[in-house]
Every structure is written in structure tokens, then in C-alpha cells.
Amino acid sequence: MVCGATLKYLENEITFNCTYCEKEFKGFIKCPNGHYVCDDCHNNQSIHLTKEICSTTSSTNPLDIFEKIIASPKIPMLGCHHAFISAGALMTAIKNEGTLEISEKMIKEVYDRIRRQAIGGYCGLTGLCGIAPALGACFAVILGSKCGMDKEQKMTMDVVSEIVYIIAELTGPSCCKAYAIKSIEVAQNFLEKNLQISLSRSTEKTICRHSKNHPHGCREKKCPYYNEYLT
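Position in the sequence shown (from 1) plus 21 gives the number in the working numbering.
It should be emphasised that the hints constitute simulated quantities derived from the structure, not laboratory data.
Among the hints, erroneous ones may be present.
To be verified - The calculated DSS-like cross-link candidates involving lysine-lysine, where the alpha carbons are at most 27 Å apart (straight line), are:
hint: 1; residue 1: K233; residue 2: K214
hint: 2; residue 1: K89; residue 2: K72
hint: 3; residue 1: K172; residue 2: K226
hint: 4; residue 1: K203; residue 2: K226
hint: 5; residue 1: K89; residue 2: K44
hint: 6; residue 1: K72; residue 2: K44
hint: 7; residue 1: K126; residue 2: K172
hint: 8; residue 1: K126; residue 2: K89
hint: 9; residue 1: K175; residue 2: K95
hint: 10; residue 1: K116; residue 2: K167
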């Protein structure tokens, strides 16, 4: 986000000062030129754009909403902003579909929960991509799940378990955009099966238009969304 250099991912955290807000943080991602961007500064622009697009769209297709957001050149190729974008797209589509009454307070609550668990680089450090708890937060808020509950908590954990599994199947190297697209598909299927909520789907296959921008190297034909003619 600062100089465009290839980032180094560390095994042990070190102390940085954010290049933008200048606050001190501990982190695992290092720029070889000494830059560091904290999670808030890294994600804020993407979150702002997500809220802007989600507040004006009438679409009931979460993947269309997601694609519209990530099409902006302001959105970095990788990062936990994809957790916010995925959740915003899903909650907005559910709200527009109308079966459930989704308030702005509920959407804000989802974003607040994501901030606690979607942390840059932790997909490799703990094995949990932030998109999983992000979409889990959507279901938890919709269902009213909280610790100690019965079926609401189980349903939330069930969908998160499915998402974690499909993300692991797409890894090598990681790709936030592929993770997000497949996770949204899983969430849609889960909504239909368990809550009888059918969100719109595109008739055409989802195709990635960002392969050439992947800093770790695109998985290409190993990815279900790869199109060699768009690289």
C-alpha cells in the first residue's frame, strides 16, 4: 500500500510503527523498505467503499455486490478487508431479499465482531482465514447466537466449519478473493437449506480478473475461478 515492494511474512512478531497513523503495533508482516500498515489503516478504505456500495445497491446477489466492490482499484489484492467485503455483501443481499429484517445496527455489529478476529496474516499463523468468522458473524447476528445457546450456536458453527474446509481446499498459495467467492457460495447454500432464504445467483460462471496481481503467484488452473485468457 505504500511502496509496492513484496512483503515478508514472519514467524515471530516484531514491533512496528504504522506508516499512516504512527501508532505502535506488534505484527508479522514486514515491508523490506521499513513500512508498516496496521490492520485498521489497511482496511479502512475498503470498509468505507463497502459501506458506500452496500448502502446504495438493491441487488440480492451477494457475489455481484462483492465483485462490484473488489473491482475498484482502491481494493488491495490480498488482506482481511475481504472479510468485511464478504460480510457486507452477504448481509446487504439478505437485507434486500426481504425475508429477514436486517437493520443497520445488525450490520454494524457484524463489522465490529470481524475487527476482533480478522487479522492480517493469521490465515497462515493460526490456520483460520478471517473470512470464516466474518461470515460466521453474519449468521450469529441473524440467528441471535451467543455462547450457551443450542441450535443457533450449532448452526453458526456448522456453516463456519464448512467455510473453513473449503478455504483449506483452495490454499496453496492463499488467495483472499478465491476464499471469499467460495465462502459466499457456501453461505448461500446454507441459507437456502436451513433458513429457506434464496438469494439471487448469476447464470454465468464466476471468473477471476485479478490473477496477474497476485503477489505470491496465482494457483491458475488449480483455482476454479481462473481464466487464462484474462491474465
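Do the hints match the structure? See the list:
no. : hint          : in the structure
1   : K233 <-> K214 : violated, 36 Å
2   : K89 <-> K72   : holds, 12 Å
3   : K172 <-> K226 : violated, 34 Å
4   : K203 <-> K226 : holds, 12 Å
5   : K89 <-> K44   : violated, 32 Å
6   : K72 <-> K44   : holds, 25 Å
7   : K126 <-> K172 : holds, 23 Å
8   : K126 <-> K89  : holds, 23 Å
9   : K175 <-> K95  : violated, 37 Å
10  : K116 <-> K167 : holds, 21 Å
Violated hints, in rising order: 1, 3, 5, 9; the structure is consistent with all others.
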